[in-house]
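Asks: Sequence:
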Amino acid sequence: MANKEYENDKNKRCALIWVVLHIESDCYLDLEYDKIREHIHELIDKKGINSLKELARLYDCYINLVEKQRSYKIKVVHVRLAPPKDCPEYDIKVFWCS
Numbered sequence: 001m002a003n004k005e006y007e008n009d010k011n012k013r014c015a016l017i018w019v020v021l022h023i024e025s026d027c028y029l030d031l032e033y034d035k036i037r038e039h040i041h042e043l044i045d046k047k048g049i050n051s052l053k054e055l056a057r058l059y060d061c062y063i064n065l066v067e068k069q070r071s072y073k074i075k076v077v078h079v080r081l082a083p084p085k086d087c088p089e090y091d092i093k094v095f096w097c098s
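Each residue of the sequence shown is one higher than the one before, starting from 1 at the first, in the numbering used here.
In short, the hints are calculated from the structure, not lab data. Do not rely on the hints blindly, as some may be mistaken.
Subject to a maximum C-alpha distance of 20 Å in a straight line, what follows is the list of computed DMTMM-like cross-link-like pairs (lysine to aspartate or glutamate) [said to hold, decoys possible]:
1) Lys35 / Asp60
2) Lys75 / Glu32
3) Lys73 / Asp30
4) Lys75 / Glu24
5) Lys73 / Asp45
6) Lys53 / Glu42
7) Lys75 / Asp26
8) Lys73 / Glu24
9) Lys68 / Asp30
10) Lys35 / Asp45
11) Lys68 / Glu24
12) Lys46 / Glu24
13) Lys75 / Glu42
14) Lys75 / Asp60
15) Lys47 / Asp60
16) Lys68 / Asp26
17) Lys73 / Asp60
18) Lys73 / Glu42
19) Lys46 / Asp34
20) Lys35 / Glu67
Assemble the whole structure, with the sequences as input and the hints as a guide.
Replies: Rendered as structure tokens:
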């Protein structure tokens, strides 16, 4: 099914990918769930994380810890990403990123 909503957009470097995934809930981790997000923000503050590399390492460690505690592999992770820096619809300075 083609979505023609952005067909005439001047910026052709962007892509929209629409998918529906069916997966067992045991294999899914929602990092946007309020309690998980709050815990991660507490860890960011506690550890003094201020670079994307350190943040990525924190997320990797968090996912590995969840996998060890639950004894199964996480196959799908839900997390929001900042829009591209040249995206006019969002003021990138509003988001935490460097």
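Asks: Look at each hint and say if it fits the structure.
Replies: Taking the hints in turn, this is what the structure says about them:
Between Lys35 and Asp60 the CA atoms are separated by roughly 18 Å; this keeps the pair inside 20 Å, and the hint holds. About 16 Å separates the Cα atoms of Lys75 and Glu32, which keeps this hinted pair within 20 Å; it holds. About 14 Å separates the Cα atoms of Lys73 and Asp30, which keeps this hinted pair within 20 Å; it holds. With a C-alpha separation of about 9 Å, the suggested pairing of Lys75 with Glu24 holds against the 20 Å cut-off.
For the suggested pair Lys73 and Asp45, the alpha carbons sit about 27 Å apart, so the restraint of at most 20 Å is broken. For the suggested pair Lys53 and Glu42, the alpha carbons sit about 17 Å apart, so the restraint of at most 20 Å is met. About 9 Å separates the Cα atoms of Lys75 and Asp26, which keeps this hinted pair within 20 Å; it holds. Restraint check: the Cα-Cα separation between Lys73 and Glu24 comes to about 11 Å, which is no more than 20 Å; the hinted pair holds.
Between Lys68 and Asp30, the direct Cα distance comes to roughly 17 Å. Compliance with the 20 Å bound is thereby established for this hinted pair. Our distance criterion of 20 Å between C-alpha atoms is met by Lys35 and Asp45, whose separation comes to about 15 Å. The suggested pairing of Lys68 with Glu24 holds, with an alpha-carbon distance near 17 Å, which does not exceed 20 Å. Taken as a hint, the Lys46 and Glu24 pair is broken in the structure, with Cα atoms around 33 Å apart against an allowance of 20 Å.
For a cut-off of 20 Å, the pair hint linking Lys75 to Glu42 is broken: about 25 Å separates their Cα positions. Among the hinted pairs, Lys75 with Asp60 is consistent with the structure: their alpha-carbon atoms are about 13 Å apart, no more than 20 Å. This hinted pair checks out: Lys47 and Asp60 have alpha carbons roughly 15 Å apart, not beyond 20 Å. Restraint check: the Cα-Cα separation between Lys68 and Asp26 comes to about 13 Å, which is no more than 20 Å; the hinted pair holds.
This hinted pair checks out: Lys73 and Asp60 have alpha carbons roughly 13 Å apart, not beyond 20 Å. A distance of roughly 25 Å separates the Cα atoms of Lys73 and Glu42; the hinted pair therefore is violated under the 20 Å criterion. For a cut-off of 20 Å, the pair hint linking Lys46 to Asp34 stands: about 18 Å separates their Cα positions. The hinted pair formed by Lys35 and Glu67 meets the criterion: a straight-line CA distance of about 17 Å does not exceed 20 Å.
The structure does not agree with the numbered hints 5, 12, 13 and 18 stated previously, though it agrees with the rest.
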